[in-house]
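Work out the full structure, taking the sequences as your base and the hints as a guide.
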Amino acid sequence: MSFLGGRGGNPAPSGGVNLEKVEMAVTELDTITDFFNRMVQSCHSKCISTRYAEDDLNKGESVCVDRCVAKFNDVQKKVGEKLQSRGAANAGGGSAFGSL
Amino acid sequence: MSFLGGRGGNPAPSGGVNLEKVEMAVTELDTITDFFNRMVQSCHSKCISTRYAEDDLNKGESVCVDRCVAKFNDVQKKVGEKLQSRGAANAGGGSAFGSL
Amino acid sequence: MSFLGGRGGNPAPSGGVNLEKVEMAVTELDTITDFFNRMVQSCHSKCISTRYAEDDLNKGESVCVDRCVAKFNDVQKKVGEKLQSRGAANAGGGSAFGSL
Amino acid sequence: MDFSNFNPAEQAHMTKIIEKKQMQDFLKMYSNIVEKCFNTCCNDFTTKALTSKEEACVTHCTEKFIKHSERVGARFSEMNAEVMNAQNQS
Amino acid sequence: MDFSNFNPAEQAHMTKIIEKKQMQDFLKMYSNIVEKCFNTCCNDFTTKALTSKEEACVTHCTEKFIKHSERVGARFSEMNAEVMNAQNQS
Amino acid sequence: MDFSNFNPAEQAHMTKIIEKKQMQDFLKMYSNIVEKCFNTCCNDFTTKALTSKEEACVTHCTEKFIKHSERVGARFSEMNAEVMNAQNQS
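Protein chains in written order, with this note's numbering: chain A, 2 to 101; chain B, 2 to 101; chain C, 2 to 101; chain D, 4 to 93; chain E, 4 to 93; chain F, 4 to 93.
No false leads were slipped in.
Cross-link-like lysine-lysine pairs, in silico, PhoX-like; alpha carbons within 20 Å at most: (1) Lys78/B x Lys39/D; (2) Lys39/F x Lys70/F; (3) Lys31/E x Lys24/F; (4) Lys70/F x Lys83/C; (5) Lys39/E x Lys47/A; (6) Lys56/E x Lys83/A; (7) Lys39/F x Lys39/E; (8) Lys31/F x Lys70/F; (9) Lys39/D x Lys56/D; (10) Lys78/B x Lys51/D; (11) Lys70/E x Lys83/A.
Hints in this document: simulated from the structure, not taken from any laboratory.
Here is the structure:
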C-alpha cells in the first residue's frame with residue numbers, strides 16, 4: 002500500500018536521522034490509520050445489527066465483515082487508479098489550495 | 002476571508018522568519034481548508050444524485066452546486082457576524098476549556 | 002477524568018520544562034476537548050428541535066440536555082471500564098497498528 | 004485539569020498551548036455551526052441568495068447552538084467539580 | 004491569501020508548508036471519495052468481489068466527486084477574487 | 004510497512020512515534036465507541052440515570068464494536084501480508 006511512492010533514498014550514512022524520510026513514513030502511517038478507521042466505521046454500519054442483544058458477532062455478521070473488508074479495499078484500489086489516471090497534479094484543482 | 006484579524010506586524014527586518022506570523026497564516030490556511038472541505042461535502046449531499054449512472058454533472062446538478070456554494074458562503078458570513086456580535090471572548094463559554 | 006494515568010513525576014527541579022509531562026497534559030486536553038465536542042453534537046441531535054422558530058432553548062430541550070450530559074458521561078464511564086477490563090494492551094488488536 | 008505539580012515554567016508553557024487550542028476550538032465550533040445550520044436550514048436551490056425564511060432559520064439555529072453548547076459546558080463543568088471534590092475528600 | 008507582507012524567507016517557509024498540506028489534502032480527498040462511494044455503491048455482501056454494477060457505480064461516483072470538487076473550487080475561487088477586488092478598491 | 008531501509012537511529016525514532024500514535028489511536032477508538040453506542044442505545048431522556056435496558060445495550064455494543072474492529076484488523080492484516088508476498092516474489 003505504498004501509494005506515496007518509493008520511500009526516498011538510502012539510510013543516512015552515519016546513523017543520523019533523515020527527517021524527510023521519517024516525515025514521509027509518518028504521513029503514510031496516518032493515511033493507513035485513517036483508511037483503517039473509515040473501513041471499521043463503514044463496515045460496522047453495513048454489517049452490525051443495532052439491536053445489541055448479545056456480545057458476539059453472529060455468523061451472518063462475521064461473513065459480512067469479511068466481504069466488506071475485501072470490497073472496501075477493492076474500492077480503495079479502483080478510486081486510486083482513477084485518481085492516478087487523472088494525474089495527481091490535476092486533481093489538486095478540486096482542493097482549497099487551487100482556490101486561494 | 003481574513004477573519005483571524007490582521008496578520009500581525011511587518012516582515013522581520015533582516016530576512017529572518019517571524020514564527021508567530023507563519024503560525025497565524027497556517028491556522029488561517031487550515032481554517033479555509035476545513036471550510037472548503039465541509040462546503041464540498043454539504044453541497045455534494047444537497048446537489049449530487051446518488052444514482053451514479055454517468056460521469057458528468059448534469060445541468061441541474063451544476064446549477065445547484067453554484068447556488069449551494071453561494072448560500073454556504075452566506076451562511077458562513079451570517080454565523081460569523083452572530084458570533085462576533087456576541088463577542089469572541091464570551092463564546093468561549095461553550096467550549097471544553099471553559100469547563101476545566 | 003485523568004484516564005491517562007497519573008501525571009508522571011514531580012516538577013523539573015530548577016524551573017526547566019519537562020517536555021514529556023507537557024505532552025501528556027496536551028494529549029489529555031485534546032481527549033477531553035474531543036469528548037466534549039462529541040457530547041455537544043450528540044446531545045444536539047437528541048434534544049434540539051430542528052424547526053428553529055425561536056432563539057432560546059425551551060423547557061423540554063433544557064431538561065433533555067441536562068439528562069443527556071449525565072447519560073453521555075455514564076456511557077463514557079461504562080465503555081472505559083469495559084476497555085480497561087479487557088486490558089488496554091489487548092485492545093490495540095483492533096487498531097491499524099496491529100495490522101502493519 | 005490539575006496543574007498543581009507543574010512548575011512556573013511548565014505552567015507558562017501550558018498557558019500558551021491552551022490559548023492556541025482555545026482559538027482552534029473556537030474556529031471548530033464556528034465551522035460546526037455553519038455546517039449544521041446550513042444542512043438544516045438550506046434546502047431550496049432555486050435561488051442563489053438566502054431566502055428570508057432560510058436567513059431566520061440560520062439565525063435561530065446559531066443562537067440555539069451556542070446556548071446549547073453553553074448549557075452542556077455548564078453541566079460538564081459541574082460534573083468535573085464533583086469528581087474533583089470526591090477525590091480531595093478521599 | 005495575501006502574503007505580500009512576508010519576506011522571502013517567510014515566503015519560502017510558507018511554500019514548503021503549503022506543499023505538505025496539499026499532499027495531505029489530496030490524501031484526505033482520496034479517503035473521502037473511497038468512503039462516500041463505498042457507502043453509496045456497495046450494499047450487496049453476498050459476494051466478496053465487487054459486482055460489475057458496483058464497479059460501474061464506483062467509477063461514476065469517483066469521477067463525479069472530482070468534477071463536483073473542481074466546480075466548488077472554481078466558484079469558491081471566484082468569490083475570493085471578488086472579495087479581494089472589493090478590498091483593494093476601498 | 005517496510006522499514007528495512009531505515010538505520011537504527013531512524014527505527015528508534017519511528018518506534019517512539021508509533022507508540023505515541025497507538026495511544027492516540029486507542030483514545031480515538033474509545034471516543035468512537037462512546038459516540039456510537041450512546042447514539043444507538045440512549046433514546047429515553049425522561050430519566051437522568053441510564054436505564055437497565057440502556058446499560059445492557061451499551062455493554063453489548065462496546066463488546067461487539069471491539070470484536071468487529073479486531074476482525075476487520077485481522078482481515079486487513081492478511082490482505083497486507085498477501086500484497087507483501089506478491090511484491091517479494093516478483
